[in-house]
Amino acid sequence: MSAAVTEAGAAEARAESRARIVGLIQSRGAIAVLVVAALAAGLVFPDFLHPGNLGDIVTAASFLGLVAIGQTFVVILGGFDLSVGSMVGLGTVLAAYAAPYGVLAALLLPMLVGLLVGLIDGLLIVRARMAPFIVTLAALLALKGLAVLLAGESLVIADPGLFGRLANGSWLGIGNLVVILLLAYALAALLLNRTRYGAAVFAIGGNEEAARMLGVRVERVKIATYCLSGTLAGLAGALLAAHLSSGLSSAGTGYELQSIAAAVIGGVLLTGGVGTMLGALSGVLLLGVIENVINQIGSLSAAYQGLASGAFLLLAVIVQSGLTRQRAA
Amino acid sequence: MTAAVPGGRIAERGAPQPAGGRRLSIGRLSIDWRAQSVYVAFVALVAFDLLVTPGFRNPTVIRSLLFEAAPLILIALGQSLAIGTRGIDLSVGSVMALSSAMIGLTVDAGQGLAIGAGIAVGLACGVLNGLLVALLRIAPLISSLALLVAARGLAQALLGGARVDLPFGGPIPALGQMAPLGIPVVAIVSLLLAAAFAFVVRRTLPGRYALFVGASRTAATLAGHPVRLTLAFVYGLSGLLAGLAGVFATARLGAADANYIGVQFELDAIAAAVIGGTPLSGGRISTLGTVFGVLLLVVLDASFIMNNVNANYAQILKAAFIVGALYLRRGAA
Amino acid sequence: MLLETRGLVKTFGPVRALRDVSFDLQAGEVHGLMGENGAGKSTLIKLLTGLNRPDGGSILLDGRPVSFDSPRAAQAAGVAAVYQEINLIPERSVADNLFLGREPRRFGVLVDRARMVEEARALLRRYRLEIDPRRTLRTLGLGLQQLISIARVVSLGARAVILDEPTSALSGAEVELLYGVVEQLRRDGIGLIYVSHRLSECYRLCDRLTVLRDGAVVASEPTASLPRARLVAAMLGREQVAAQKDHAAAHGAQDGPDTEAAVALAVEDLSWRHRVRNVSLQVRRGEIVGLAGLLGSGRTETFKTIYGAEKPDGGTVSVAGRRIASPRPSESIRRGLAFLSEDRRSEGVFAQLSVAENLTAAVLPRISRFGVISRRRRDDMVRRYVQSLGVKAAGPDAPITSLSGGNQQKVLIARALCTEPDMVMLDDPTRGIDVGAKAEVHRVVRGLAAEGLGVLVTSSELEEVVELSDRLVVLDEGRVTGGLDTAGRDSDDVLAILAGGAAGTNAPAHGAAS
Numbered sequence: 001m002s003a004a005v006t007e008a009g010a011a012e013a014r015a016e017s018r019a020r021i022v023g024l025i026q027s028r029g030a031i032a033v034l035v036v037a038a039l040a041a042g043l044v045f046p047d048f049l050h051p052g053n054l055g056d057i058v059t060a061a062s063f064l065g066l067v068a069i070g071q072t073f074v075v076i077l078g079g080f081d082l083s084v085g086s087m088v089g090l091g092t093v094l095a096a097y098a099a100p101y102g103v104l105a106a107l108l109l110p111m112l113v114g115l116l117v118g119l120i121d122g123l124l125i126v127r128a129r130m131a132p133f134i135v136t137l138a139a140l141l142a143l144k145g146l147a148v149l150l151a152g153e154s155l156v157i158a159d160p161g162l163f164g165r166l167a168n169g170s171w172l173g174i175g176n177l178v179v180i181l182l183l184a185y186a187l188a189a190l191l192l193n194r195t196r197y198g199a200a201v202f203a204i205g206g207n208e209e210a211a212r213m214l215g216v217r218v219e220r221v222k223i224a225t226y227c228l229s230g231t232l233a234g235l236a237g238a239l240l241a242a243h244l245s246s247g248l249s250s251a252g253t254g255y256e257l258q259s260i261a262a263a264v265i266g267g268v269l270l271t272g273g274v275g276t277m278l279g280a281l282s283g284v285l286l287l288g289v290i291e292n293v294i295n296q297i298g299s300l301s302a303a304y305q306g307l308a309s310g311a312f313l314l315l316a317v318i319v320q321s322g323l324t325r326q327r328a329a
Numbered sequence: 001m002t003a004a005v006p007g008g009r010i011a012e013r014g015a016p017q018p019a020g021g022r023r024l025s026i027g028r029l030s031i032d033w034r035a036q037s038v039y040v041a042f043v044a045l046v047a048f049d050l051l052v053t054p055g056f057r058n059p060t061v062i063r064s065l066l067f068e069a070a071p072l073i074l075i076a077l078g079q080s081l082a083i084g085t086r087g088i089d090l091s092v093g094s095v096m097a098l099s100s101a102m103i104g105l106t107v108d109a110g111q112g113l114a115i116g117a118g119i120a121v122g123l124a125c126g127v128l129n130g131l132l133v134a135l136l137r138i139a140p141l142i143s144s145l146a147l148l149v150a151a152r153g154l155a156q157a158l159l160g161g162a163r164v165d166l167p168f169g170g171p172i173p174a175l176g177q178m179a180p181l182g183i184p185v186v187a188i189v190s191l192l193l194a195a196a197f198a199f200v201v202r203r204t205l206p207g208r209y210a211l212f213v214g215a216s217r218t219a220a221t222l223a224g225h226p227v228r229l230t231l232a233f234v235y236g237l238s239g240l241l242a243g244l245a246g247v248f249a250t251a252r253l254g255a256a257d258a259n260y261i262g263v264q265f266e267l268d269a270i271a272a273a274v275i276g277g278t279p280l281s282g283g284r285i286s287t288l289g290t291v292f293g294v295l296l297l298v299v300l301d302a303s304f305i306m307n308n309v310n311a312n313y314a315q316i317l318k319a320a321f322i323v324g325a326l327y328l329r330r331g332a333a
Numbered sequence: 001m002l003l004e005t006r007g008l009v010k011t012f013g014p015v016r017a018l019r020d021v022s023f024d025l026q027a028g029e030v031h032g033l034m035g036e037n038g039a040g041k042s043t044l045i046k047l048l049t050g051l052n053r054p055d056g057g058s059i060l061l062d063g064r065p066v067s068f069d070s071p072r073a074a075q076a077a078g079v080a081a082v083y084q085e086i087n088l089i090p091e092r093s094v095a096d097n098l099f100l101g102r103e104p105r106r107f108g109v110l111v112d113r114a115r116m117v118e119e120a121r122a123l124l125r126r127y128r129l130e131i132d133p134r135r136t137l138r139t140l141g142l143g144l145q146q147l148i149s150i151a152r153v154v155s156l157g158a159r160a161v162i163l164d165e166p167t168s169a170l171s172g173a174e175v176e177l178l179y180g181v182v183e184q185l186r187r188d189g190i191g192l193i194y195v196s197h198r199l200s201e202c203y204r205l206c207d208r209l210t211v212l213r214d215g216a217v218v219a220s221e222p223t224a225s226l227p228r229a230r231l232v233a234a235m236l237g238r239e240q241v242a243a244q245k246d247h248a249a250a251h252g253a254q255d256g257p258d259t260e261a262a263v264a265l266a267v268e269d270l271s272w273r274h275r276v277r278n279v280s281l282q283v284r285r286g287e288i289v290g291l292a293g294l295l296g297s298g299r300t301e302t303f304k305t306i307y308g309a310e311k312p313d314g315g316t317v318s319v320a321g322r323r324i325a326s327p328r329p330s331e332s333i334r335r336g337l338a339f340l341s342e343d344r345r346s347e348g349v350f351a352q353l354s355v356a357e358n359l360t361a362a363v364l365p366r367i368s369r370f371g372v373i374s375r376r377r378r379d380d381m382v383r384r385y386v387q388s389l390g391v392k393a394a395g396p397d398a399p400i401t402s403l404s405g406g407n408q409q410k411v412l413i414a415r416a417l418c419t420e421p422d423m424v425m426l427d428d429p430t431r432g433i434d435v436g437a438k439a440e441v442h443r444v445v446r447g448l449a450a451e452g453l454g455v456l457v458t459s460s461e462l463e464e465v466v467e468l469s470d471r472l473v474v475l476d477e478g479r480v481t482g483g484l485d486t487a488g489r490d491s492d493d494v495l496a497i498l499a500g501g502a503a504g505t506n507a508p509a510h511g512a513a514s
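Protein chains in written order, with my numbering: chain A, 1 to 329; chain B, 1 to 333; chain C, 1 to 514.
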């Protein structure tokens, strides 16, 4: 090998190591911020690091967490799903309707409807070639209307029984919802990183045209991903209904944006093609910690939650654009 | 890119020219029905309402329709220019809420000041968005989405989640009530601004630059156009108009409310612009079409309500209508 | 015979893209396919890979006639192309890219990453590519990415691989690596069709060279028996050059440039990203200078860097004696430098807008007062240029897309002229327009010089540059390699310099004039 080879090799090695560092910041930065935020909160509020409180944080974040899984897939694919928030609301209502027919019905009905909504979204986006944000924003409106139509403000589940215990019970001292959330993320990480479907999602988000040339069935994967997102939003709705013992048409309001914010804070690029489930989970938990801290302060209203996630999202978008340019350089 | 349209002569000046649009030719008179569809749809809907909808002829109905339309017209104008540059501004609804929150915070110091603060905060948001797009080169969809979340959050935080009722007297309530000859002042202002906007878009440098950038960013750069400045202007203007729209909506409501004002207005604004003949592919804009797009949506809302359609059905139907309309328009690129 | 075509014919409307092309590729051979723009190379590739169907003739694989109706079918049969825009996923690892869609799996579901990385490593090693398969593809050079593309299609079973126009010149190291890959391909009995404009690369890599011109094979010989000069002559059509030359010489004798005239454009030591290397040239008022060079020699890049559309890494540009301090298009226009891009469709016309808007796009501030555009001044200007350039349009408000290609081009030339420049740069101004319009554009260009403007022009057809210009500046791989007066010189000189390195001159271009 000539001297030129080594020189080019050195330049490439530099590019590679820089890319690795930037990649680490992008995928693991949220964890670092999460840990720092939790420790800081622990210093200020002695109760914060109490296991009970930590469990509450994760439990409260689990519904958004499930939604964020689907959203992360969609964002990596290079799209958005703004319909998930309303789908959660509709999901709680459907679960409340189905609860008298058994736990399975209460779980499956919202998931099936979510699947159907995802299918319609996906078909409109893929076949009619409409912009994802328009399709899913319209779905947001329609689903909200449907939820109110079905339930009015709320629909109480008279006898939650097993369905209620599913959400509010615990297993080895750990809340069921925490277990479900962590299990869901583990499965999602497998799906994303260890299956051909996951590889196809990354490929489409990274370069749709190239993915098509490389033989990826782009349309099918896209539709499947919106279906996944809808189904998970339905599941989140069902569990929320079990948790609250009622269907609330206004439940999940704002989840569409918070789930995007969580994913992006966790290093998922809004331009598609890059992201990790661990990052998305850290984003979700970070938002959960912020909410918890705001509640601890007491004098601050819940309204600050929106400001915090908005500010973090804005910051994350700016930082990401800077990092991406760094990498490209 | 748009391919050359075969046989593409059109009679009307500056009218959008959809590829493969149905048209009716009688001698030299050629009408592109798809480009005119918003006017046809509006006339048809109004005719329907006049015949069928009980009480539609009542002047107070028209009055309240115009009150509804005024802020929406403003944000749809800003939206149409953003779309004309091949961008989008998803933040308009949240910026309205932030404007409302500023009014709520400052109203005790004087209503004139409060109005100024509402408009100024809208401008500030728009300029921030413009900087993100123009300098940091973040895609408008992404930057304005981030701003959508942040501005709404800030608005809610500023008011602590509460609704702040405004006093009964003074210029702000007047804006929300005054309607000489049955025509609300806010509607007159909005329509005058629409006329001014049309002039800016058709005849002035920033307006033309915006469309050139939308038609082909590379060609615009090579022709020496100030592309970044133009983008900053466009999003700044959109923010400014959203700020004013927030003032109008707050005045109409009689209260500053960050949870209610401007919620999901971005979809209406986008729908109005696109239905009115401003394709998402950029390079074209129709101010009159945008105004009629807004009127169409507002009348549609009213038709549902006045025919006693359940509000939730109405919401579903409207969402379906918007998707359908945008679907039909998507070819007009 | 691995892959063979017999008498292929393909027409697109009135254009005969391929006429009677017979071509063959042996197993284990590297076969260079050469030709200028529009020679028919891409059409041939499209037919071979199933993107288009031939109108006549046949394609044979292993001696049996085949017919592909999609790239996927061609790939399945063993014919695959690796295009210049790398069709891989930049954010994924090398291994991910190599195995996308056919990842080795455990339990039928989960991707076995360890095995995938090992298999990728083995595959790369086979082609002597010492790359960690876990590396992100984007961090590799474009040349390496292309090699990985080759490895992918070969591992998918391709036996005839078409490598289409590597965009950037392969670096010395990458050429070495390419050798390694080619060695292994030879051993494996895989045939490679190498499409490139870089003569030196082709001479180093290819066993045989086939030259297409105007859709026909004009030369096909073993590399050793085809000297550069003959290759270039075949690519450009030597007889034509000679004929055009007489015409040009006559033109030059009539109104030769005034060597005492003031300098309209002076470029010193201009560089941009290794695509433009230390380019220096001068254009005097009233002079038409042709920028000659093969495709890929950096003509367009040179224009764009002079114009400030690409930010130069070094060097200066002066127009009419004044230096352009901050290189960007708006500043260039202000200083009297106008530019016409070769890419009319995406860098020239504003497709949604009217003739008048397109024509005045570069002078909006000059026809406005307080930011308001004056309709009267705009229409005056449009009328003047439409008349003087003979633009045929229904009216100033007709959409630009309703015009023919030639008339669109005239509108764009008018856009450049109404900035009242001292210096005009025209990058392939007659590309894609018909013969009549071509002659009119030539007339306009000569008229500009007659009015005392400096003109720098290029064309994808060498004979056109020779015919139009008073003087040539020759570019090769981003460098000025020579310059000559078109008057009183033999066309062999042009060909000799274009053949690259043959003449070995590195004389600065303005040497000819000063």
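Be a bit skeptical, because a hint or two may be false.
Stated by the list, open to error - Not the full set, but computed from the structure, chain B residues with beta-carbon under 7 Å of chain A:
#: 1; residue: A146
#: 2; residue: V149
#: 3; residue: G161
#: 4; residue: R163
#: 5; residue: A179
#: 6; residue: G182
#: 7; residue: V185
#: 8; residue: L229
#: 9; residue: S303
#: 10; residue: N307
#: 11; residue: N308
#: 12; residue: V309
#: 13; residue: F321
#: 14; residue: G324
Claimed, not checked - Heads up, incomplete: computed chain A residues facing chain B, CB under 7 Å, no partners named:
#: 15; residue: I134
#: 16; residue: L149
#: 17; residue: A303
#: 18; residue: G310
Calculated directly from the structure, the hints in this document are not laboratory data.
Just so you know, even glycine gets a beta-carbon here, dropped at the ideal spot from N, CA and C.
Status of each hint after checking the structure:
Of the supplied interface hints, the one on A146(B) holds, with its beta-carbon coming within about 5 Å of a beta-carbon of chain A, less than 7 Å. About 4 Å separates the beta-carbon of V149(B) from the nearest beta-carbon of chain A, less than 7 Å, and the hint is met. About 4 Å separates the beta-carbon of G161(B) from the nearest beta-carbon of chain A, less than 7 Å, and the hint is met. A hinted interface residue such as R163(B) counts as satisfied when its beta carbon comes closer than 7 Å to some beta carbon of chain A; here the least separation is about 12 Å, so the hint is violated.
The interface hint given for A179(B) is broken, as the beta carbon of that residue sits about 29 Å from the closest beta carbon of chain A, more than 7 Å. Checking G182(B) against chain A: minimum C-beta separation of about 31 Å lies over 7 Å; hint violated. For V185(B), the shortest C-beta to C-beta distance to chain A is roughly 30 Å, which exceeds 7 Å, and the interface hint is violated. For the restraint placing L229(B) at the interface with chain A, the shortest Cβ-Cβ distance is roughly 20 Å, beyond the 7 Å limit, so the hint is violated.
Because the beta carbon of S303(B) sits about 16 Å from the nearest beta carbon in chain A, more than 7 Å, this interface hint is broken. At its closest, the beta carbon of N307(B) sits 16 Å from a beta carbon of chain A; the interface hint therefore is violated under the 7 Å criterion. Given the 7 Å rule on beta carbons, the hint for N308(B) is violated: about 14 Å separates it from the nearest Cβ of chain A. Hint status for V309(B): violated, given a least beta-carbon distance of 11 Å to chain A, over 7 Å.
A cut of 7 Å between beta carbons decides the hint on F321(B): the least distance to chain A is about 9 Å, and the hint is violated. Interface hint at G324(B): violated, since its Cβ lies 9 Å from the closest Cβ of chain A, which is beyond the 7 Å cut-off. At its closest, the beta carbon of I134(A) sits 6 Å from a beta carbon of chain B; the interface hint therefore holds under the 7 Å criterion. This hint holds: L149(A) has a C-beta 4 Å from the nearest C-beta of chain B, less than the 7 Å allowed.
Annotation: A303(A) was flagged as interfacial toward chain B, and the flag holds, the nearest CB pair being 4 Å apart, inside 7 Å. Restraint check, G310(A) versus chain B: the minimum CB separation of about 3 Å is within 7 Å; hint holds.
Hint check: violations occur at hints 4, 5, 6, 7, 8, 9, 10, 11, 12, 13, 14; the rest are consistent with the structure.
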